[in-house]
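Throw the hints in and build the complete structure from the sequences for me.
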Amino acid sequence: MKGIRLIQECIREYGIGTVQKYMNAIQDNAEKVVRDLLRKVHAQFSGLPLEAVDFMDDGSKLVLKININKEDGSATFDFTGTSRETYGNLNAPKAITFSAIIYVLRSLVNQDIPLNQGCLAPIKVILPEGTIISPSHGAATVGGNVETSQRVTDLVLRAFQGTCNNLTFGYGGQLVNGVAEPGFGYYETIAGGAGAGPHWAGQSGVHVHMTNTRITDPESLERRYPCILHEFSIRKNSGGEGLHRGGDGCIRDIEFRREVDVSVLSERRTIPPYGMCGGDAGQVGENIWVRHDEFGSREISLGGKNTCRMKKGDRIIIRSPGGGGYGKKAC
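The sequence shown begins at 1 in the UniProt record's numbering and counts up one residue at a time.
In case anyone wonders, no lab produced these hints; they're calculated from the structure. None of the values given here were measured: they were computed from a predicted structure. Don't take every hint at face value.
[To be verified] Label pairs and their computed distance ranges (CB to CB):
1. C10 x G278: 45 to 55 Å
2. N306 x V53: 24 to 34 Å
3. K329 x V206: 20 to 30 Å
4. G278 x R84: 28 to 38 Å
5. L108 x I215: 26 to 36 Å
No residue lacks a Cβ here, since even glycine has one placed at the ideal position from N, Cα and C.
This is how it looks when you write it as structure tokens:
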């Protein structure tokens, strides 16, 4: 509502014609800047197409080929070859891919321009229907927003030569016996390691590309929910080696003081975050259920995505991935 009021005030003060003129100028300027960027990229790679391939942990393949027209500074982003939509919830609506493209383009532009539709004016996007990034109506998409979006962004950055962990737990609601019981719910996103670049090392314990949500203070977490936070630390040496080292992930170790339903939605548990220009990949993440039963305690891998009912005294240990390194390590 505030944005609407501010636009209305501008129109009252300057007139709708003037406001629209400036709006169009902002978009035209963004378009020009992106076209100039693409011409430079075309020259840098001697006019060759930019290509990248990446995979989700379930094996789904993401393919991108970028052809740049040096004459007008336009580009075609072709995702032909990407895997079919999945039975699970990792399908991503088309808007996810467009968001990833405009995000990367804006990141590559050095000029201080506002993010707007003009950045996409020179871009044609080919998204084959029925794929994981252009699914059919009714396909499950909840994981596409927080997981596949990260991989599509990685894919576009990789093409130009340039990750998310979700935990929920709670109890109550509609139970299996059909009786609704009051309960509680908790959700958090857990940081990982950022990839290194040509002139910098990756940061440790950060969100990359999206989320950037604050995590609950340990004192508040333990006071408000039936759990004990045993460890929250940097996962040492999980970043990839290289001339510039990838950032380290985090360790999150939580014990539950009552029976709870726990869900984890994460990626990079099978295929590691890639390194660039000779840098090593970061370590894959782990989600471990420390389960107590009549035979004692044992550690069970939950994989990247799972839901289970944990008993009092059980723990979940999340070790998030490290970022990829950049360049060959100096001797």
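Hints and how they fare:
1. Under the hint 45 to 55 Å, the C-beta atoms of C10 and G278, about 51 Å apart, fit the expected range.
2. Separated by about 27 Å at the C-beta atoms, N306 and V53 satisfy the suggested range of 24 to 34 Å.
3. Evaluation of the 20 to 30 Å hint for K329 and V206 yields a pass: the beta carbon distance comes to about 22 Å.
4. Hint check: G278 to R84, Cβ distance near 34 Å, so the stated range 28 to 38 Å holds.
5. For L108 and I215, the hinted distance range of 26 to 36 Å is satisfied, since their beta carbons lie about 30 Å from each other.
In summary, this structure violates none of the numbered hints.
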